[in-house]
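Fit chain B to the given chain A structure using the hints.
Quick note, the sequences are listed as chains A and B, same order. Just so you know, we're using my numbering here: the first sequence kicks off at -3 and counts up by one. Just so you know, we're using my numbering here: the second sequence kicks off at -3 and counts up by one.
The reader is advised that the hints may include incorrect statements.
For identical chains, the list gives no copy identity; a pair is met inside one copy or between any two copies.
[As the list claims (entries may be wrong)] Subject to a maximum C-alpha distance of 25 Å in a straight line, what follows is the list of computed DSS-like cross-link-like pairs (lysine-lysine): (1) Lys123 / Lys104; (2) Lys149 / Lys103; (3) Lys123 / Lys37; (4) Lys1 / Lys106; (5) Lys149 / Lys104; (6) Lys1 / Lys149; (7) Lys93 / Lys37; (8) Lys93 / Lys106; (9) Lys37 / Lys103; (10) Lys103 / Lys93; (11) Lys106 / Lys149; (12) Lys106 / Lys123; (13) Lys104 / Lys93.
The set of hints was computed from the structure by calculation and includes no laboratory data. Here the structure is a predicted model, which means the values were calculated and not measured.
Here is what each chain is made of, one letter per residue.
There are 2 protein chains.
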Amino acid sequence: MNLDKLQLSPLQRIILTTDGSITTVLEALFGEVMVETRLQKLARANRRMARLLGIERGEEVNVREVSLNSMHRALVYAVSLTPIGRIEESFREEIMKEDVPIGRILKKLKIEYRREIRDYSAVGAGKNIAQALGLNRNELLLRRNYHIFREGKVMMNITEFFPYRLFGDATPTPSP
Amino acid sequence: MNLDKLQLSPLQRIILTTDGSITTVLEALFGEVMVETRLQKLARANRRMARLLGIERGEEVNVREVSLNSMHRALVYAVSLTPIGRIEESFREEIMKEDVPIGRILKKLKIEYRREIRDYSAVGAGKNIAQALGLNRNELLLRRNYHIFREGKVMMNITEFFPYRLFGDATPTPSP
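So that you can see chain A by itself, here it is in the shape it has in the complex (with noise of 0.2 Å):
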């Protein structure tokens, strides 16, 4: 769905246009955030990822699908790609702990990095999200795909799909 039909609150503008950590953001908004892996694997690129993630055919990337959560409720349904040659040991394994979302492991390591966002769109959830966020199948989404950038080369791909009606709203009530 085009965006520009839809009346996007400033919560959701900031959520959609920044280049910072999401998992600030919500912290900011809600609280504590956690995070609940629902997928962790490695895969080999296929053609479609390789040219995303400008890699070669059949190098090893880390996919990972994760709900970061407040105390009270789901929050966001992130999909992320790494390039496993491209990220060192410590990262590695921060990954594959599946509890800490990407925004603090670039923290605690200290790296350098731009977030460069690609686009954004509304979806509806499917089957898939909706049961992790615990929705409606036919709810309304807003969905960004964004790099992370480091050394010039792509060290992560991110998609994030937020509940529209979450986000509506601009006082949404923190945990105490």
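Same frame as chain A, but now just chain B:
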């Protein structure tokens, strides 16, 4: 003033804690943001500045004070200290242009970096900032200070001042 004693709105918390471009957040809220330069000069680092930036006393530092404004009002006052020896010619040219926010320069030049928030507090506006932002001298400001690191060194130190009132309401009226 101790921030713990203030009730912070979701927006105030986002603005104080984000490690993303503050210009991008402001544009999500208020529409296009412009820079108005209040001061731009080269200075020799004194002892305090040298310690803050991790440089030698006497090294050249670009001191820049600006307000970031929407079409309708002044939003933020920002003071940046940039050791000249740590930025390339292209960056220097951009920063001297006087009309480009730092976040936009970093993006344009595709610079990889890390923002590290050092502290935040609440302060009175004082004469200088009150005048620049069109506020009463006793107006309450939220203040934060952070480093922008590149290649493990402080490339800039930035202090931002936000009128507490302006971000207290979570639904500011954006520009049309």
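Review point. In ascending order, which of the hints set out earlier in this document are inconsistent with the structure?
Key: 1, 4, 6, 12
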